[in-house]
Structure formats: C-alpha cells, structure tokens
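Peer 1: The lines below spell out each chain.
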Amino acid sequence: MSSSSPSPQTPSSSPVSASSGLLHLAVALDGAGWHPAAWREPVARPHDLLTAAYWTDLITEAERGLLDLVTIEDAFGLQSSRADGPDDRTDQVRGRLDAVLIAARVAPLTSHIGLVPTVVATHTEPFHVSKAIATLDYVSTGRAGVRVQVSPRQNEAAHFGRRTFPPFRPEDLDTPAVRELTAELFDEAADHVEAVRRLWDSWEDDAEIRDVATGRFVDRDRLHYVDFEGRHFSVKGPSITPRPPQGQPPVSALAHASAAGAPFRLLGRSTDIGYVTPHDTGQARAIVTAVRAEQDAAGRSGEPLHLFGDLVVFLDDDPAAAAARRERLDTLAGRPYTSDARIFTGTPAQLADLLQELQTAGLSGFRLRPAVAGHDLPAITRGLVPELQRRGAFRRSYEAGTLRGLLGLSRPANRYAATARSGGTHS
Amino acid sequence: MSTSQDKPRKRIHLAAHFPGVNNTTVWSDPEAGSHIEFSSFAHFARTAERAKFDFLFLAEGLRLREQGGLIYDLDVVGRPDTFTVLTALAAVTEHLGLTGTINSTFNEPYEVARQFASLDHLSGGRAAWNVVTSWDAFTGENFRRGGFLAQEDRYSRAKEFLSTANELFDAWHGDEIVADQESGVFLRDAKAGAFAHQGRHFDIQGRFNVPRSPQGRPVVFQAGDSEEGREFAAADADAIFSRYATLEEGQAFYTDVKRRLARYGRTPDQLLILPAATFVLGDTDAEAEELSREVRRQQVSGATAIRHLEFVWNRDLSGYDPDGPLPDIDPDLGEHTIARGRAQVRMYRDPLATAREWRERAAANKWSIRDLVIETGNRQAFVGSPATVAETIDRFVQADASDGFILVPHLTPGGLDTFADTVVPLLQERGVFRTEYEGTTLRDHLGLAHPDAGSAADRVAS
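Same order as they appear, the protein sequences are chains Z and U. Residues 709 to 1135 (the working numbering) are what the first sequence spells out, left to right. Residues 1034 to 1495 (the working numbering) are what the second sequence spells out, left to right.
Hints were generated in silico from the structure; no laboratory data involved. For each residue, glycine too, the CB sits at the ideal point set by N, CA and C. It is possible that some hints are incorrect.
What the hints assert, rightly or not - Simulated DEER-style distance windows between Cβ atoms: (1) Z:P875 - U:G1472: 45 to 51 Å; (2) U:N1055 - Z:P875: 47 to 53 Å; (3) U:D1213 - Z:A791: 25 to 31 Å.
Make the full structure from the sequences, and use the hints.
Peer 2: Structure representation (structure tokens):
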C-alpha cells in the first residue's frame, strides 16, 4: 500500500509515523466493553470489573499485541445511557475505578505498552494531576500518558458543589448557552494542560545534585516557579515531583467537530495525540485539515501531533458471526447500539483494509474500542495485528522503551532550562 | 503485686515509613538510593512485607519548603504522588497495608473517596488514609480553590471532609452488584450509590460511582498532636501517629488519648497508638551507639544546624558559625516568615522560651550550634543490638507506651533490611509479633472490625 499522505506541517525531523507507513494502534478500555450488553457475553467477567486481575489481564493482552497504548475511560458520574445524568437502569454495568490508579496498578506488571488514563480537567487540580501522571511515568518507567476530558454535566458538578452548569441535553447542544459552556470548558482544559505541562518542566532534569561538599540536595536554580494564571485557577509551582522520565508524558484528548470549534482547538493547542471520529475517508480528511489549521493557529506548525481515528469494533473471523454477535447484543440491550464513532463489524482483514484506507486521509493511527473487551481485544491482538504485520503496516516488536519512543516523539527540551540558560540545552 | 503476669501479652504492630523530605533522611550516604524511582519503593515495600509488617506509610507535601524565600535545598526535595505510588505497590506486594497522607484542605471529598475506594479495590483491601489538615496560603497557591482556611476552620473542614467521605464509602452497601448474565440484572438497586450531604463546608449530592470496596472504608489515621487533633482521632480515627517514642511521654499520650474514646462510645482497642520511631542497629550496643553518633552528624550538617536554628529565631542566621556558640540576639517575634511549608512544631510556639532554654543547655554542656541541634532533635528512639532493640520495643508496648511503632529508617531504600532480618525474628521468638499474615486486609492486620454498611435488602425492608 502507499504510505499515508504526510501532513504538510510535519517536518522530517519530527517523525510522526506517516513517513514510515506503519500505523499506530491503541485500544480504549471501558468496563466489559463498549456495547452496553457486553457484560452478558459468556467471555465477559462482570464480577471482576473492579479487580486488579481483570485490568491486568486486559492490558497484558494488549501488550501481547504490541499495541502502542491503552486508554482507560473514566468519569466522575455513574455510567448512564443519558447525557444529562443517571438513568437508574439496572441492566447495564454501573460503577468504575479511578483510571489513573488502574494504570498505576498495572504498570509494574507490564513493560512496554503506554498507559493512558482519563482525567477530567473540569473538576481536578492541575497540581494533583501533574504529579499523578509524572508518578505514573516513574512507576511505568516512561510509559505514562494522559487523556484529558471535560465534563459539562450538572450531575457531575453536583458531586463537587463548586460550580453549577446549565442543563446538558443532546437537543441543547447547539444552543448558545451550551456552546458557550462547551467552549469555556475546553479552553479551561487547555489551561489545565498548560499548567500540568509547566509543572512537569518545573524541575530541570539535573536539578537533583546531591552535592555532599556543599550539603545541597538540589540546585534550586534548576527548580522553577510556573506562575500559571488562568481564568479559573492559578498555580505557583514548582511541582513536588521531579520531571518525569519522558519529560512530558504524551497528552491526548478525544474531539468531535463542534460549531464552537473548541474541541479541535484543544487538540491544536495542547495535545500530542487527538482521537477523532471520522465515519469515512472524506470526513477523516476534513477533520485532519481542520485540526492542522488549529495547530497552525496555535503556533505549533511542525510539531508532531498524532491524529488517531476512533472505531468501535466487532471482530470475528467470519463476517456473519460478527454481525450476528452485534445483533444478539443489540437484542439483549433492547435497541441498536449507536456511537459517536464509526462502528465496524467484520473480519480482521476487512478492518485492516478500512484502517489503511482511512490512514490515507492523514491519520497516523487508530484507537479501537472493543465492543466486548473479552472477545474483541484478543481479536485485535491475535487477528488484526498479525494481518497488519503481514501487510508491513504494523511493528513486529516493540522498538522503544517509552511511550514517546513508540509514538516517534523525541524527548522534549525543558522550557525553563532553555530560557534560564542562554542557548543552553538540557535534555 | 505486679499485674503484668495476669495481663495477656499484647501483639505488637509494626509499620514502616518510607524516608521522606526531612533531615532524618541521610541522602549523602553512599548507600542512599533514589527517593523517586519506583524500584526504591518496591524494595522498601517488599522488605516490609517480608518482615510481616502491618503497613507501609507515605507522607505527602503539596509545596516545596522554603527558607528565607528560597527553596530549601539541604534535605531531600521532591516526592511522588501518594495514591499513584501506593497503588503501584499493590502490584508488588500481597498483604502489606498501604497508608498515605492525603490533605483534606486542598482536595474534594468526592475525588478523594473515589481514589481511596479504588486503591482499596485494587489492593484487595489494604488502603489506609492519614487525614491531615492545612490552612496556609503558601500551600494554597498551588490549588484551584486557592486561598486558604482560617486556622480555626481546618479541623472543622477535616471532620466534615472525613464524614462526607464516609457517607460516600457507605453509599454502596456491597450487595448491589448481581451481574446475572442470564436475567440481565446487573444492579439490584436502581439508586445504588445515591448520596446527599449538606454541611458548612460541603454541599454535594448525586451518585458515588465506586462500589463498596473490600474494607468498606479505608482505615483512617490521624497525626495531629493538638487538643483538636486528639479529639478528632478519638472520635473518628482507627489509629493515631504519635510523636512520643520514649516510655514516659508515650505512656502519658497513650493514657490521654485512650481515655478520650469512651466519650465517643468507643473502646480502647478501637484506636491504635503508633508512634514514629527511628532506629540504629549494631552488632553490639556500643557499636550501635557509635553508629548512631555518626548518623546524627550526617543528619545535621553545619548548614542544617543553622537552618534549624532559624526556625526558632525567625531570622537569617547564615552569618553564624555552626561550630560556635548560640546567637545572643533574641528571636524575631514578628510574623513567622523565615521557614515556609513546614509543619508547625510545638517547641517553636514560644520562641523566646525555647531560645533561652537552648542557650542555657548549650552553655552548660559547652555545645556548639550544631551540637545543640543534634542533641535536641533527631534522636534515634531505638539504638542498640537487635536483642536490645527487640527487648525495648516489646517492653514499651507491654507497658502501654504504644500499640507498636512506625519505623523511620534513615536510609532509602535499604534502611529497613537489617531490622527485618534481625529484630523481627527476635520479636517473633518472643511471641509478640506475627510469623505469618493471618488475614488479607489491613483491618485484619490491625485487628479492626470491618464497618457494616447494611445491605440493600435491609434498606428495602426498612
């Protein structure tokens, strides 16, 4: 196959994998899987969803497939089929664990795969998030990332009692009030990421000197106040946690096209990976163009920014089996499954065809959402991955020890070191 | 007429504090390793578990300390995130309790309750929370809520924070998840996790989204030594960290705190008293004494001695010679600004009296500034051969100076190894320390009951 069309903003010095033709693969993990009836499949382990063993098994399976990373869904609200609050249903999985801690629990038991928990910027402290992800990077020796999410929901805000939001119903999405709120929350998330990133840089890599002669443990000149001032918060710094192994763990976010433009603006300004939801190659091309424009507008032209297409997948060796499984689950759920992302039903080879086709629109990878974790994750690692490898489109072994390494991202220079020392480069 | 023969011998509780950001930690020793890399934490935790300790303890700080407006650079600076390290340690241990300090001032109950409930699930019931308070604007500058509390509000917020968190832990009763694949019933209760709390500091409601964890609630520790702190512990804590590791002080504290429990309808065994204690071991008592002197010289360099004196004097004393006499000027009684980000310690509350006492002691003993700081602080509680230390620990516990100790080694991460290999077997021989874990949860190790949250069936019936 031909290599994907390179993004014009990507210089050869920052190898976002388009140049190699290899695609990147992530899986998005959420409970028993993305289909609401997934927990009823024989392969599901619905009593284990809150155990370390369950998550360890899933993530080691993903690592067996040489995937770049897993994301772990999270939210401050109980799962719901409604956008605006709990639905009081008793026939679907309810209850989850903190995603950062799931990642931390699995980190010592894995060795290559990137661990990317979800963090809700709307209600968390950048200071806490920064040290938590830095520490995840330490406990995983360089495999941490973070997926930033916003929450416009009234019910989740009521768990904190600090702010109130207007109703958030799908039919209100295009009202001026909700558009304004969405834009505000995404911009606040961008501030959150900026504060987190500054805190990661607030220690230069060589700040710990242990100079016995002078009795100094650190060189305080290599520690920096971040002095972030935003509309919703300010942070003084420095972090209490030294700069993490990757320097800057990759930041990612899911973004949909929006009249407010704010989600793509967040990708352009703040992230290393954007998860996007094209339903065909034309849409993928349009999304890539729109995000690259935001990237240019943010003054980040030429910096690596991966765009991963999100797809929900039902994978079986026989396409009819996949379709039948989807139907069976829909029947159990009482209605057809819908998603913001394209839903793929078919064989690993058919999915490989689709991914390679979408890749030509400028996507550098994909984040697959297994409809049934216990079935579709192994189908990805044992069916799709070998298929892509046969086509020369996916790695045959882990080529790097860090998530940045797997993503082809170099370790960034420290912003404070660069300005504090004239022309000095510390890396 | 000793009653000691009649009284059953108490089982000793032992825990280990990963050496933190203070001058107990000797970072200059060639054997000192990283205090950030996970391998250090894993080594320390595995040693504690090999020794059958009850738990590992991690402290927390939310702003780097400063002295005279500059980041304090003489001790270990920097540490990882408490929740993240503890949860990762759950992967490399099976029984060890995992205790972390989490501040109730710069966090929100919903988020912290989620994190502790998650840690408890992911560790199979080994989570514990050391609830601490803060009020200072200095730390507040790192947080969204910004600002700070009036000092008198900090325990009020802490108490309400803890009670709110308990309401969240109890919002799931433990039997709601049916997950019957046949019938399609996942939850027994459509309102599982519902909560509503309205109080002075928190007005929150909704659905807690972490189902009940193995311990129901994490074990709660409290560390404050003030009158309010002791009452807080007597009312709400499962264990208290005390600073009193000597026999007489320990007994006085123990008696005082245990006596307060009845007021809250609690029995003395529902609150464990665990002082922090340092130790130095040698093949003989004499060798340990000598090693102890060396360690104290490592802990208190000349520069460190001057900085410590500045906490009391509240002035820049950098011009003074650490090997010379104490300053004859008096402490600055204005606003205490020289050292920021340190826990307030009682002896600094009356600096004039402290300075007077220190001058007198230094003069009487011909101590330099450094000698004085070494003699007045950082004393190892237990110094001796393994036999001596085992005997002393046992004696203290049987004499009700404590229910056990939280050991604070001075070396990272190997500072616990010798203790585990030499003292623990002696305590086991005496029959006062476990040889195997009998239970799986931290509540099991500490002999604490699992809190009962009732069942959904009860609620439906009532």
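Peer 1: Confirm or reject each hint.
Peer 2: Evaluation of the provided hints:
1. Between P875 of chain Z and G1472 of chain U the Cβ separation comes to about 48 Å, which falls inside the hinted range of 45 to 51 Å.
2. At about 50 Å, the beta-carbon gap between N1055 of chain U and P875 of chain Z stays in the expected band of 47 to 53 Å.
3. Between D1213 of chain U and A791 of chain Z the C-beta distance comes to about 28 Å, which sits within the given range of 25 to 31 Å.
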